[in-house]
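K.L.:
With the sequences and hints as input, model every part of the structure.
For the record, the sequence lines run as chains A and B. Position in the first sequence (first residue = 1) + 759 = my numbering. Position in the second sequence (first residue = 1) + 12 = my numbering.
Everything labelled a hint here was simulated from the structure, so no lab data went into it. Please note that a few of the clues may not be correct.
To be verified - Reference listing, derived: stretches of chain A covered by chain B, where coverage requires no fewer than 3 residues with Cβ under 8 Å from a Cβ of chain B: (1) 885 to 898; (2) 916 to 929.
To be verified - The calculated DSS-like cross-link candidates involving lysine-lysine, where the alpha carbons are at most 30 Å apart (straight line), are: (3) A:K941 <-> B:K79; (4) A:K941 <-> B:K80; (5) B:K79 <-> A:K937; (6) B:K164 <-> A:K937; (7) A:K941 <-> B:K164; (8) B:K164 <-> A:K988; (9) B:K181 <-> A:K902; (10) A:K868 <-> B:K164; (11) A:K986 <-> B:K164; (12) B:K164 <-> A:K977; (13) A:K902 <-> B:K164; (14) B:K181 <-> A:K796; (15) A:K937 <-> B:K80.
Don't be surprised by glycine CBs; every beta carbon is placed ideally from N, CA and C.
Each chain, letter by letter, is given below.
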Amino acid sequence: MIVAGLDMGVQNVKVVLLKNGEILSHGMAPSGFEPEKAVEQAFQEALKRAGIAYNDIAHVAATGVGVELAPHVDSKISVVSADARAAVYMYPSARTVIDVGAEESRVIKCDENGAVLDFALNERCAAGAGAFLEAMARAIEVKLEDMGRLSLKARGTTSISATCVIFGESDVVSLIHKQEPKHEIARAIYDALAERIVSMVYRVGLKPDVVLVGGVAKDVGFAAALKRKLETEILIPQNPEYAGALGAALYAMENLRGDKNGRRQL
Amino acid sequence: MGEDNFEYWRWREYRLIVPNVRLENVKVITAGIDVGSVSSKAAIMVDGEIYSISVMRTGSSSPDSAKKVLENALEGTGIKPSDINYIVGTGYGRVNVPMANGTVTEIACHAKGANYIWGPTVRTILDVGGQDIKAIRCDEKGKVLSFLMNDKCAAGTGRGMEVLADLLKIPIEEMGEASLKAEEEPEPVSCTCVAFARTEAIGLLRRGWSKEKVLAAYMRAMALRMCTLLERVGCERDLVITGGQSKNIGIVSRVENILGIKTLPMPDWKENGRDPMAAGAIGAALFAKALFEKTTNKT
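P.N.:
In structure tokens:
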């Protein structure tokens, strides 16, 4: 039995294919302005890797910020629920899931079945998500993909606040003028974002194990800052940006099996 | 077709010299410099009357911006920097105005400046700049009674206008008018985060909205944020708007519409220099005069 999970993210559309509960393949495409095209492209990549045809998929479940734009899907699931399912699937010990995406972030407390117990959201504010890092990297004229490694060289001599991207830009400009080294500013940027995320973690309560997912989880600078601020170990899957799509795929499987009460052990 | 390189977001810098100001038997020349996050303003006052004002973009260095805007305000006036008896710095970058003899907060300066521009009936000032919104209450002398400001979030400030000017390709000075031409007044956008303004607007355009309607929805949301702040501080008449957005008719008319009260009319600032955008600098120059007189009286 093959099912698919589709995550309509702000920046990228992601697809995960499951066969009998095991991950078969995945695919990704930039969301762009034509969501249908992006979905098709992501599916094609995943199907090609798996060596199967679209018609072999028994059920497609969708999630993500742009879930309303998803064409012909069989079911829909919230990102919060999808994340929790995915985290517990990957790490059965996961109880706190932190998802930092391009424009939104969320912290979820879940049980051993991947059911959501509580959650906190950061919406409508760019300062609590990947958009903050993007804007700040631009301000210090460093490529976003290089900023993480750069920040690891820093000792933590300075700080900025991440209450607002626009205010953050001013903070960063004045640090540049004080000739603060770029690697120190980079670390301050990650610390600021991590602090915002940590305040969300404390709102729902910190319960180990902590799993970090979403596109920003791949940023070594952010992961290091979050670890510092939380003072705990953090589990990061190999492909953290696929967590939402994986959770949706797990949901597709449940739907197909007709699971009503709780999820069957995988 | 060539590439469109016009910078729609870039508002014009300007200098204004008030005609017929007498420079004989002058007792005191003062200057106020307001280094804001987006624009820097300078006002030169001769015996407490506005002689010249200058409005320029703030660069990445506050001291340089302060120096430039003061030089610009003095150009063509016949006044040299050394002729100035006292300079007060204000605004976001006030601690970085090297030539200032003193500093005063922009809250106090805006209240003082508004009192000078419109007279003693002003009780509430809404100052909307590039990165902040301030609601200030003052007495008949322009003394601050209370104030509130957006200290955590730039949503609803002038910065969003720059982003939209760039996206919609409408010169920033014409956006207010354009927003009033919308076929209907739409619901406000749900998110005024400046960092998301672009994607929010693109989403609406893709739904088939006209540029004017997008602007109207965004400005309505901005005005609502301003009115929330005004209501919290307690909005008492007369109400005036200062800062860059005082010249945005799309914002002014919506604030009036939401509150159900009129703001005092825009003064004839091109003639008398009473420019609401420079209210902070004008207030600073007035404080400079008072501070100068205080120091000379002592000696």
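K.L.:
Give a verdict on every hint.
P.N.:
Each hint, compared with the structure:
1. Residues of the segment 885 to 898 of chain A lying with their CB closer than 8 Å to a CB of chain B number 5, which satisfies the three-residue condition for coverage.
2. Only residues whose C-beta sits within less than 8 Å of a C-beta in chain B count toward coverage, and the segment 916 to 929 of chain A has 6 of them, enough to reach three; the restraint holds.
3. With a C-alpha separation of about 27 Å, the suggested pair A:K941 and B:K79 falls inside the 30 Å cut-off, and the hint holds.
4. Distance check on the hinted pair: A:K941 and B:K80 sit about 28 Å apart at the alpha-carbon level, within 30 Å; holds.
5. A hinted pair counts as satisfied when its Cα atoms are at most 30 Å apart, and B:K79 with A:K937 qualifies at roughly 18 Å.
6. Under the criterion of a C-alpha separation no larger than 30 Å, the hint pairing B:K164 with A:K937 is consistent with the structure, at around 23 Å.
7. Of the pairs offered as hints, the one joining A:K941 and B:K164 holds, with about 25 Å between alpha carbons and a cut-off of 30 Å not exceeded.
8. Taking the CA atoms of B:K164 and A:K988, the gap is about 21 Å. The hint holds against a cut of 30 Å.
9. Taking the CA atoms of B:K181 and A:K902, the gap is near 28 Å; set against the 30 Å cutoff, the hint holds.
10. Between A:K868 and B:K164, the direct Cα distance comes to roughly 27 Å. Compliance with the 30 Å bound is thereby established for this hinted pair.
11. Distance hint between A:K986 and B:K164 is fulfilled; the C-alpha atoms sit about 25 Å from each other, no more than 30 Å.
12. Restraint check for B:K164 and A:K977: satisfied, since their Cα atoms lie roughly 28 Å apart, inside the 30 Å limit.
13. Note on A:K902 and B:K164: the hinted pairing holds, with a Cα-Cα distance of about 27 Å set against a maximum of 30 Å.
14. Straight-line distance between C-alpha atoms of B:K181 and A:K796 comes to about 28 Å, which keeps the hinted pair within the 30 Å bound.
15. For the given pair, A:K937 sits about 20 Å from B:K80 by alpha-carbon distance, which is consistent with the 30 Å threshold.
The structure meets every hint from the earlier list without exception.
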